[in-house]
Amino acid sequence: MDEKFLNLEIRKFLKNFGITSQREIEIKIREALNNGSISENENLEVEANLNIGKINLTHKITGNIKLN
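Position one of the sequence shown corresponds to residue -1 (the numbering used here), numbered consecutively onward.
Quick caveat, the hints were computed from the structure, so don't treat them as lab data. Ideal Cβ placement from N, Cα and C applies to all residues, glycine included. Hints are supplied without guarantee of correctness; some may be wrong.
[As the list claims (entries may be wrong)] Below, a list of computed lysine-lysine pairs in the PhoX-like style, where the Cα atoms sit at most 20 Å apart:
hint, residue 1, residue 2
1, 2, 26
2, 13, 2
3, 58, 2
[Stated by the list, open to error] Restraint-style ranges between C-beta atoms, simulated for each label pair:
hint, residue 1, residue 2, range
4, 44, 7, 23 to 31 Å
5, 21, 48, 17 to 25 Å
6, 38, 4, 16 to 24 Å
7, 39, 7, 34 to 42 Å
8, 10, 58, 19 to 27 Å
9, 16, 64, 15 to 23 Å
10, 36, 14, 23 to 31 Å
11, 4, 47, 17 to 25 Å
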């Protein structure tokens, strides 16, 4: 296995995940602010799950997004 190649492939996936996830989060937060379902002082709990079935990987990341 080529470690450099593997590292680049993982980084490409994570970059894509990060960019697309950030975009989706921003869209949904703006929608929720505009329709009044959340306020600008919210602290949103966040959970992301990473699964790779073939290697039996399940990884959960939790955190918070403070809006103000």
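Outcome for the supplied range 17 to 25 Å, where the beta carbon pair is residue 21 and residue 48:
Roughly 18 Å apart at Cβ, these two residues keep to the hinted range, so it holds.
For the pair supplied as a hint, residue 58 and residue 2, is the alpha-carbon distance within the 20 Å limit?
violated (25 Å)
Taking the beta carbons of residue 36 and residue 14, is their distance inside 23 to 31 Å?
holds (27 Å)
Return holds or violated for the Cβ distance of residue 16 and residue 64 against the range 15 to 23 Å.
holds (19 Å)
With 19 to 27 Å as the target window, see if residue 10 and residue 58 comply at their CB atoms.
holds (22 Å)
Should the hint that residue 38 and residue 4 are 16 to 24 Å apart at their CB atoms be regarded as holding?
Between residue 38 and residue 4, where Cβ atoms are some 42 Å apart, the hint is violated.
Is the gap between the beta carbons of residue 4 and residue 47 within 17 to 25 Å?
Holds, at about 22 Å.
Need the status of pair residue 13, residue 2: alpha-carbon distance at most 20 Å?
holds (16 Å)
Measure nothing beyond the straight line between the CA atoms of residue 2 and residue 26; if it is 20 Å or shorter, mark the hint as holding.
It is violated: about 36 Å lies between the C-alpha atoms, which goes past 20 Å.
Taking the CB of residue 39 and the CB of residue 7, does the distance hold inside 34 to 42 Å?
holds (40 Å)
Can you tell me whether the CB distance of residue 44 to residue 7 sits inside 23 to 31 Å?
Given range 23 to 31 Å: holds, Cβ gap about 25 Å.
Checked against the numbered hints above, the structure violates hints 1, 3 and 6; every other hint is satisfied.
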